[in-house]
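Chains as they are written, first to last, in my numbering: chain A, 1 to 500; chain B, 1 to 370.
Hints in this document: simulated from the structure, not taken from any laboratory.
Backbone N, C-alpha and C define an ideal beta-carbon position, used for all residues, glycine too.
Pair by pair, the computed Cβ-Cβ distance ranges are:
{"id": "1", "chain 1": "A", "residue 1": "Arg433", "chain 2": "B", "residue 2": "Val276", "range": "52 to 60 Å"}
{"id": "2", "chain 1": "B", "residue 1": "Gly63", "chain 2": "A", "residue 2": "His265", "range": "54 to 62 Å"}
{"id": "3", "chain 1": "A", "residue 1": "Ser392", "chain 2": "B", "residue 2": "Glu258", "range": "24 to 32 Å"}
{"id": "4", "chain 1": "B", "residue 1": "Asn320", "chain 2": "A", "residue 2": "Arg366", "range": "30 to 38 Å"}
{"id": "5", "chain 1": "A", "residue 1": "Val351", "chain 2": "B", "residue 2": "Met231", "range": "22 to 30 Å"}
{"id": "6", "chain 1": "B", "residue 1": "Val321", "chain 2": "A", "residue 2": "Thr270", "range": "43 to 51 Å"}
Computed from the model, here is a short list of chain A residues facing chain B with C-beta under 8 Å:
{"id": "7", "residue": "Arg198"}
{"id": "8", "residue": "Ser215"}
{"id": "9", "residue": "Ser357"}
{"id": "10", "residue": "Ala492"}
So you can see what is in the structure, the chains are spelled out below.
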Amino acid sequence: MSSVHGITLRGIEAVRVETEVEITGGLFSMSIVGLPDAAVRESRERVRAALRTEGLQIRGRVAINLAPADLPKEGALLDLPIALGLAAALGAVSVPEGALFLGELSLDGRLRRVRGAVPAAILARKLGVSLYVPEENAREVSLVSGVRAYAVPDLATLLAAFRGASVLSPVEPVAPEDEDVRPDPDFSDIRGQASARRALEIAAAGHHNVLLVGSPGSGKTMLARALRGILPPLSDAELLETLLVQSSAGSPYAGGRARSFRAVHHTASTVSVCGGGHSVSPGEVTLAHRGVLFLDEFTEFRRDLLEALRQPLEDGQITVSRAAGSVQFPSRVLLVAACNPCPCGWYGDPVERCSCSASDVDRYRRKLSGPIIDRIDMYVSVPRLLPEELMSVGDTTPEDSASIRARVRKAREAQLLRWEPSGFHCNAELPERLLRKSIGLSAEARAFLSGIAGSLRLSGRGISRVLKVARSIADLAGSPDISRAHAAEALAYRKGGLPV
Amino acid sequence: MTSSRPALILLNGLTTLDARVWERSRERDISPDDILRGDGKTCTALGIPEASARALAELAASGFHETEQERADRENVRIVTYDDTAYPDALRSLSDAPLALYIAGKWPLCAPTAVVGTRKCSSYGRAVGMALGRAIAQIGGTVLSGGALGIDASAHEGCLDAGGATAAVLGTGPDVVYPRGHERLYRRILEGGGVITEYPFGTGPKTWLFPRRNRIIAGLAERLAVVEAPMKSGAMITARLALEYGRDVWAVPGRIDEECGRGTNRLIADGAIPLVDIGEFASIISNGQLSLFSEPSAREAISNGMTDEEEKILHILEKNVHQTVDNIAAEGTMTAADVLSGLAVLAARSLIYQSGPGRWSAAPGIRKQP
Numbered sequence: 001m002s003s004v005h006g007i008t009l010r011g012i013e014a015v016r017v018e019t020e021v022e023i024t025g026g027l028f029s030m031s032i033v034g035l036p037d038a039a040v041r042e043s044r045e046r047v048r049a050a051l052r053t054e055g056l057q058i059r060g061r062v063a064i065n066l067a068p069a070d071l072p073k074e075g076a077l078l079d080l081p082i083a084l085g086l087a088a089a090l091g092a093v094s095v096p097e098g099a100l101f102l103g104e105l106s107l108d109g110r111l112r113r114v115r116g117a118v119p120a121a122i123l124a125r126k127l128g129v130s131l132y133v134p135e136e137n138a139r140e141v142s143l144v145s146g147v148r149a150y151a152v153p154d155l156a157t158l159l160a161a162f163r164g165a166s167v168l169s170p171v172e173p174v175a176p177e178d179e180d181v182r183p184d185p186d187f188s189d190i191r192g193q194a195s196a197r198r199a200l201e202i203a204a205a206g207h208h209n210v211l212l213v214g215s216p217g218s219g220k221t222m223l224a225r226a227l228r229g230i231l232p233p234l235s236d237a238e239l240l241e242t243l244l245v246q247s248s249a250g251s252p253y254a255g256g257r258a259r260s261f262r263a264v265h266h267t268a269s270t271v272s273v274c275g276g277g278h279s280v281s282p283g284e285v286t287l288a289h290r291g292v293l294f295l296d297e298f299t300e301f302r303r304d305l306l307e308a309l310r311q312p313l314e315d316g317q318i319t320v321s322r323a324a325g326s327v328q329f330p331s332r333v334l335l336v337a338a339c340n341p342c343p344c345g346w347y348g349d350p351v352e353r354c355s356c357s358a359s360d361v362d363r364y365r366r367k368l369s370g371p372i373i374d375r376i377d378m379y380v381s382v383p384r385l386l387p388e389e390l391m392s393v394g395d396t397t398p399e400d401s402a403s404i405r406a407r408v409r410k411a412r413e414a415q416l417l418r419w420e421p422s423g424f425h426c427n428a429e430l431p432e433r434l435l436r437k438s439i440g441l442s443a444e445a446r447a448f449l450s451g452i453a454g455s456l457r458l459s460g461r462g463i464s465r466v467l468k469v470a471r472s473i474a475d476l477a478g479s480p481d482i483s484r485a486h487a488a489e490a491l492a493y494r495k496g497g498l499p500v
Numbered sequence: 001m002t003s004s005r006p007a008l009i010l011l012n013g014l015t016t017l018d019a020r021v022w023e024r025s026r027e028r029d030i031s032p033d034d035i036l037r038g039d040g041k042t043c044t045a046l047g048i049p050e051a052s053a054r055a056l057a058e059l060a061a062s063g064f065h066e067t068e069q070e071r072a073d074r075e076n077v078r079i080v081t082y083d084d085t086a087y088p089d090a091l092r093s094l095s096d097a098p099l100a101l102y103i104a105g106k107w108p109l110c111a112p113t114a115v116v117g118t119r120k121c122s123s124y125g126r127a128v129g130m131a132l133g134r135a136i137a138q139i140g141g142t143v144l145s146g147g148a149l150g151i152d153a154s155a156h157e158g159c160l161d162a163g164g165a166t167a168a169v170l171g172t173g174p175d176v177v178y179p180r181g182h183e184r185l186y187r188r189i190l191e192g193g194g195v196i197t198e199y200p201f202g203t204g205p206k207t208w209l210f211p212r213r214n215r216i217i218a219g220l221a222e223r224l225a226v227v228e229a230p231m232k233s234g235a236m237i238t239a240r241l242a243l244e245y246g247r248d249v250w251a252v253p254g255r256i257d258e259e260c261g262r263g264t265n266r267l268i269a270d271g272a273i274p275l276v277d278i279g280e281f282a283s284i285i286s287n288g289q290l291s292l293f294s295e296p297s298a299r300e301a302i303s304n305g306m307t308d309e310e311e312k313i314l315h316i317l318e319k320n321v322h323q324t325v326d327n328i329a330a331e332g333t334m335t336a337a338d339v340l341s342g343l344a345v346l347a348a349r350s351l352i353y354q355s356g357p358g359r360w361s362a363a364p365g366i367r368k369q370p
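Work out the full structure: start from the sequences and follow the hints.
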């Protein structure tokens, strides 16, 4: 009997799985026990074929046990440890003690990319053991520092290395490239929309959730996509967090430090957005971790879905509980929601005619309250530019994303410097007590706001939001104090500023 | 002889009868007691159809007039009947005057000016409604309207924002808020003004009740201003009735290619006074005594405490409507940030409004600089 270690995923966490193989005499049969899913059970065909290319014929009764027995095992990533266990049981090779193996086998013995390499690397680092991954996973694993990992092209190379016939070169740890984020679309591609550009810059600076309101064709989606490109690049820690999520979900590392952008359709199920399912996989809110989560046609979303999104948006993580146990996923996202001003979309358009009745519009507007809307700091109305307006703004090239990002970065650094002692990172996170005390509101701005709060009928919460946004505007300007102009501009992004 | 009050409340409870039935009862010498007994013969004599007569008998048997009075006392609502001295003379002269009025809040209101229009108004119509409401409040007048969505609500709000008193004539019972979402508006109206209806407690929104109540608006108002009304609309019914009752009717001219401009334009063609300048309207209805708007200092008062940028933006918007931040920034050579902070302040002072998503216009009623 021999035993080799592999992993299985529990959420975004790797759990060590011990693969025990026993071969006894008798007619050929092969059974896998230990709660394997279909992909694991089918591995016997792949493993048998791959071993045959190495001249290893399996005969007799084969029993494969995946321990711990009560943990469900999933995915093809257990192919490699099973194959090695068999090879060891046949006496063909001796496998190093404790090492973690993962990889999906092809029938000719090549190793295919698997999901979960980054969680496996983190587990290997924790356990202090070496890790063998398919070559295609080497890049993401190389970004995890302090792990002894080897990239394996195929089963033959690995077996040769264990026999001492060749030497596997370890994966060199690489610091993630500082290569600049390539925004798509770039802000220089967007014509006009000065107010939305400005609002998104502020949102990026202070990590404020945004609602874009505008008629069809006004460019809400393009603006939302462009937002990703002006967010500061991922830090090392953030990059690792996003890698962990992406690796668990099986999406390859694209390189660079760009943040993710996930658009959710309003027909999406709660499970696909929040995570869950049979094997408890991460949802959109987790895949957008440290990036942008875009909810287009916000008013069309089911209320229960929005209700379910509230907690992950607030806490930055989501706990998915299933019969098999509960799993935690990170979910720190910048939320961008977009909607039309009315059901038909043409309310207040200078050319098109709105066909909604008064009560339709009223009912539609009433949807803009409730579960997540109170997590939104900025309300931005986006005009649909007329052809002649587009022509007149078309002469000059607008500022590109890189220069906006440089300002955003500076503003973020200023926030970190100010709030880190109190345990916060950006203005959007600020609690009430800090807002009232140490936000740096100038006397002039204070007088201005208290003068105007009454006539605007601002609620306590509304004032807090204005203060947070004003703080971000001041940070962008590099100003230690919030001036009257900063406070006034913040008022332009409150909910009451939407057209009625 | 017993008081006529219970009988009037009872008859009014049917929500289909008016003062004509009461006059008939006098002519035919039918006493209130007969009505309270509600037998078929009395009803026939009064010309009440059979189905209504049965409903009346049921109401009478259930003691409707008593429970209604009790409820009114409890909820601080006054019931003023046709025979009461407190009944408004302006309504008594109508042939189809309501038999009873449920009044909450302050009453009577001085010199009410009705402002009505379509529920489905444009943002421009809303801005005009608000400006009219404000202007009427500033000359110390009262705004009367129907408490509905759209123009009605904007006129009430404009008046309240300027610290004036306003009254809503409802098409539902005094305890029913319609449309949903106007709870806050009704509360604000009741703070300094009143809510009036002829419909008893618990009457929900029914399509046929709203046109009926328009005669109360037209009757109570000294004059009527119509902002945005399609040809077939409640506002047009109100305007026709007001003309019939001999009230001054003003209409805000609209575009000739738009549904909601047709009604008002038709009114003007038929002899209504075109409302082309809010300041002028305000000074005429205040008999020229209080002409806040025509003072040349009015515009200066507006400019008071304004930054240069705000001044510049207001100028640009006074010239053109529907301007985006891009347009304003280009024309005024300002940054988007400056434009946005200027817009926020001007909007907070109700000098401009958002006429569409991301588009701004100057509020009607600000006098242009010479």
